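Numbering (this note's numbering), first residue to last: 7 to 656.
Calculated from the structure, these hints are not laboratory results.
Model, not experiment: these values are computed from the prediction.
Note that CB positions come from ideal geometry on N, CA and C, so glycine has one too.
Accuracy of the hints is not assured; some may be wrong.
What the hints assert, rightly or not - Straight line, CA to CA, 25 Å or less: simulated DSS-like cross-link-like pairs of lysine-lysine: (1) K234 with K306; (2) K268 with K291; (3) K39 with K100; (4) K244 with K625; (5) K298 with K494; (6) K240 with K210; (7) K295 with K234; (8) K154 with K244; (9) K268 with K289; (10) K193 with K281; (11) K154 with K205; (12) K599 with K655; (13) K291 with K281; (14) K306 with K289; (15) K522 with K389; (16) K396 with K430; (17) K205 with K234; (18) K240 with K39; (19) K625 with K655; (20) K268 with K396; (21) K234 with K219; (22) K100 with K117; (23) K533 with K490; (24) K655 with K617; (25) K298 with K396; (26) K193 with K205; (27) K223 with K193.
As the list claims (entries may be wrong) - The calculated label-pair distances, taken between Cβ atoms and stated as ranges, are: (28) R340 with K234: 46 to 56 Å; (29) K215 with K481: 11 to 21 Å; (30) K621 with E489: 21 to 31 Å; (31) E489 with D557: 21 to 31 Å; (32) S601 with E459: 29 to 39 Å; (33) P424 with E30: 29 to 39 Å; (34) Q518 with G178: 51 to 61 Å; (35) K117 with L390: 51 to 61 Å; (36) R97 with R177: 18 to 28 Å; (37) R478 with R33: 47 to 57 Å.
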Amino acid sequence: MRIKLLTLFVLILFGSQASAQTVELLRQAGTTKEYPGAGYIVVYDSTSVNVQETGLSYYSNSRLFKALTLSGAKELAVIKFDYDPLTAFIRIEKVRIIRSNGGVEVIANDKVYDYPAPAHSIYWGARQKMIAIGRLEPGDGVEVRFFKKGFAYALLAQQELSDEYYIPPMRGHFYDIVEFFASFPIKEKVYNLIIAKEKKLQYKFYNGKVDEKVSEKNGKICYTFSVKNIMPIKQEPKMVALSDVAPKLLISTSPDWETKSKWFCGVNEDYGSFKSIPEIDKKVKEILKGAKNEMDSISKLNHWVADEIRYSGLTMGKGEGFTLHKGEMDFNDRCGVCKDKAGMLITMLRSAGFVSYPAMTMAGSRIDRIPADQFNHSVTIVKLRSGEYKLLDPTWVPFTREEWSSREQQQNYLMGLPEGADLKETPISSPENHYFRINGTSQLANDGTLTGEFILVAEGQSDANVRSLFTRSYKADWQSNFEKELMKISPRIEIIEMSYTDPYAYLLQPVQIKVKYRIPNYAIATKNEIIFTPVLASNLFGSRHSHIAFDPSIENRNYPFVDACSKLIELNEVITLPTNMTIKFKPETIQSKGSGVDFESTYTLDENMLKFSQKVVLKKRIYQPEDWRSFRDAVKYQNEFANTPVVLKF
């Protein structure tokens with residue numbers, strides 16, 4: 007009895023000391039004076055990971071939040087954790103509110119909720135745990151401790167299953183991606199990893215400095231990484247992903263990307279992911295009827311999968327996410343996510359006699375050299391007769407005249423080959439592959455009425471952007487969608503005649519749109535002058551050009567930035583003017599060349615014919631800070647030509 011009382015006394019004493027220490031940590035953590043603009047801070051975020059022989063990992067995390075303002079207190083009133091029950095188990099072990107006056111309130115288990123996470127297009131059973139903290143005041147703290155076992159996966163009432171269920175797919179191996187950045191200040195973040203000495207660990211800390219300690223005990227190595235005073239990165243509009251530029255730690259026991267490549271290939275071959283069935287073989291023969299050559303055959307299969315397999319993930323299949331569903335299932339369901347579309351295409355290509363394998367990529371951010379699983383997207387590769395492997399992406403090319411979306415240029419990928427492959431990067435797509443051209447003629451009357459016509463043609467991603475005016479809306483809205491684009495030039499515009507190629511027959515030819523129009527009182531006309539801006543100079547279809555949305559007032563950039571795709575824009579218009587008119591004012595001719603964008607635009611007068619021309623060459627998708635000057639200038643010049651009228655005089 008005495009021993010039990012003594013034990014209870016020690017536990018109470020330890021708990022009170024821990025609470026006292028926590029209260030003191032909160033008091034010394036800082037206020038809005040030290041952290042202006044922050045609603046709350048994390049006083050500490052400590053993670054300890056114990057890796058088992060199988061690669062299964064046990065995570066224990068403890069973190070302490072402090073509310074600095076009323077808005078920050080409101081944000082902390084609910085704390086959520088996302089998790090995937092197919093790959094990880096999570097248990098909230100302790101939640102306490104530490105009031106600014108030292109009072110401690112323990113959050114009961116019935117205030118921790120577990121429910122299906124909101125989902126769109128991918129319905130794989132992801133879940134959330136939500137802790138109802140309740141009302142907080144500035145100065146209050148929240149301490150949360152949780153336990154997790156399993157492994158990380160790019161897609162982020164549960165029953166705890168046996169450890170065997172959560173062993174990572176690449177059995178015996180471990181990897182982790184640890185972000186040392188956040189949208190709020192962190193006083194200190196610590197990541198502690200315990201792993202067997204026999205497991206050859208490689209790691210690298212990117213984009214910053216870290217305090218690192220390594221020790222050995224009982225045949226295991228303990229790695230400790232810590233960073234203090236982590237402040238939110240000041241983000242720039244349209245910059246690359248934060249993970250590309252912010253501090254992060256990558257850890258992996260996989261020796262290299264070649265090993266991962268072989269494993270990825272093998273796990274799908276062993277599962278039989280790409281085994282065909284008679285129904286698939288029959289459909290392949292039907293699709294390939296009339297195919298002209300090797301690339302035509304590949305294209306027909308690629309775009310059948312792109313258009314006929316709807317993007318909707320109903321089941322994940324094997325929980326690790328790397329094993330692609332079998333072709334039979336994808337064919338029967340006629341739906342799936344990227345890995346299902348990629349797997350369906352591989353199955354069909356093999357049925358047609360092609361050599362084809364899966365590949366993985368990371369849409370939206372960089373993949374670094376440490377072979378941690380930095381993937382969120384599955385694609386297809388096919389071997390051509392030349393021996394070259396060609397990338398195909400049926401997920402990203404519906405209604406797009408490409409086999410691999412150029413919106414994925416300058417993007418890392420890993421092919422799953424029997425012989426293995428190293429990490430690669432997709433090349434820059436030439437701007438000429440994505441031309442956007444408008445040629446027009448118009449006649450300006452003395453009263454300011456403008457009558458004219460133009461022909462728009464586009465290719466590649468420019469084609470997809472223009473075509474989306476039709477394909478991304480109901481057919482009943484096509485006319486109004488187009489009218490809305492033209493009414494941005496003038497609400498008085500009258501469409502006399504309009505014709506366009508079939509939006510759905512996108513593989514037959516590039517999109518082409520012909521328009522005849524009339525705009526009463528378009529120009530400001532007086533007895534002595536006429537003031538107007540040619541239609542093609544006015545950023546016609548500007549909504550189809552993502553670069554125009556960039557803010558050219560930003561002087562300099564610290565980080566790389568991203569546009570949609572490389573592009574070539576060519577605009578030419580000839581305006582017939584009233585007789586005996588001369589130019590009183592026009593924007594000056596501009597020719598600008600740079601590492602990011604080339605721009606040139608000019609007006610010339612030949613008798614009563616005013617000629618406008620403009621050419622913009624956007625050279626890539628991902629730009630470096632030094633490219634910003636030429637990119638910014640091009641946006642600025644293009645907008646200046648659109649907003650600066652020509653003044654004519656009699």
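Would you say the C-beta atoms of P424 and E30 sit inside 29 to 39 Å of each other?
Violated - the Cβ-Cβ distance for P424 and E30, about 59 Å, lies outside 29 to 39 Å.
Has the given pair, K625 with K655, been kept, meaning a C-alpha gap of at most 25 Å?
Violated, at roughly 39 Å.
Taking only the CA atoms, is the gap from K396 to K430 under or equal to 25 Å?
holds (12 Å)
Hint consistency between K295 and K234 [alpha-carbon to alpha-carbon, up to 25 Å]
Violated - the C-alpha atoms of K234 and K295 are around 64 Å apart, more than 25 Å.
Determine whether the Cβ-Cβ distance between K117 and L390 falls within the hinted range of 51 to 61 Å.
holds (59 Å)
For the pair supplied as a hint, K298 and K396, confirm whether the alpha-carbon distance does not exceed 25 Å.
Status holds; Cα separation ~18 Å.
CB-CB spacing for G178 and Q518 relative to the 51 to 61 Å hint
holds (57 Å)
Compare the distance between the alpha carbons of K268 and K291 with 25 Å, and conclude whether the hinted pair is satisfied.
The given pair, whose Cα atoms are some 31 Å apart, is violated under the 25 Å limit.
Quickly compare the C-alpha distance for K240 and K210 to 25 Å and report which way the hint goes.
holds (24 Å)
Between S601 and E459, does the beta-carbon spacing fit 29 to 39 Å?
holds (37 Å)
Keeping to a limit of 25 Å between CA atoms, is the pair of K205 and K234 held or broken?
This hinted pair is violated, its Cα atoms lying about 29 Å apart.
Is it true that the CA of K522 sits at most 25 Å from the CA of K389?
Not satisfied, since the Cα-Cα distance of roughly 47 Å exceeds 25 Å.
Of the numbered hints stated above, those contradicted by the structure are hints 1, 2, 3, 5, 7, 8, 9, 10, 12, 15, 17, 19, 23, 26, 27, 29 and 33, listed in ascending order.
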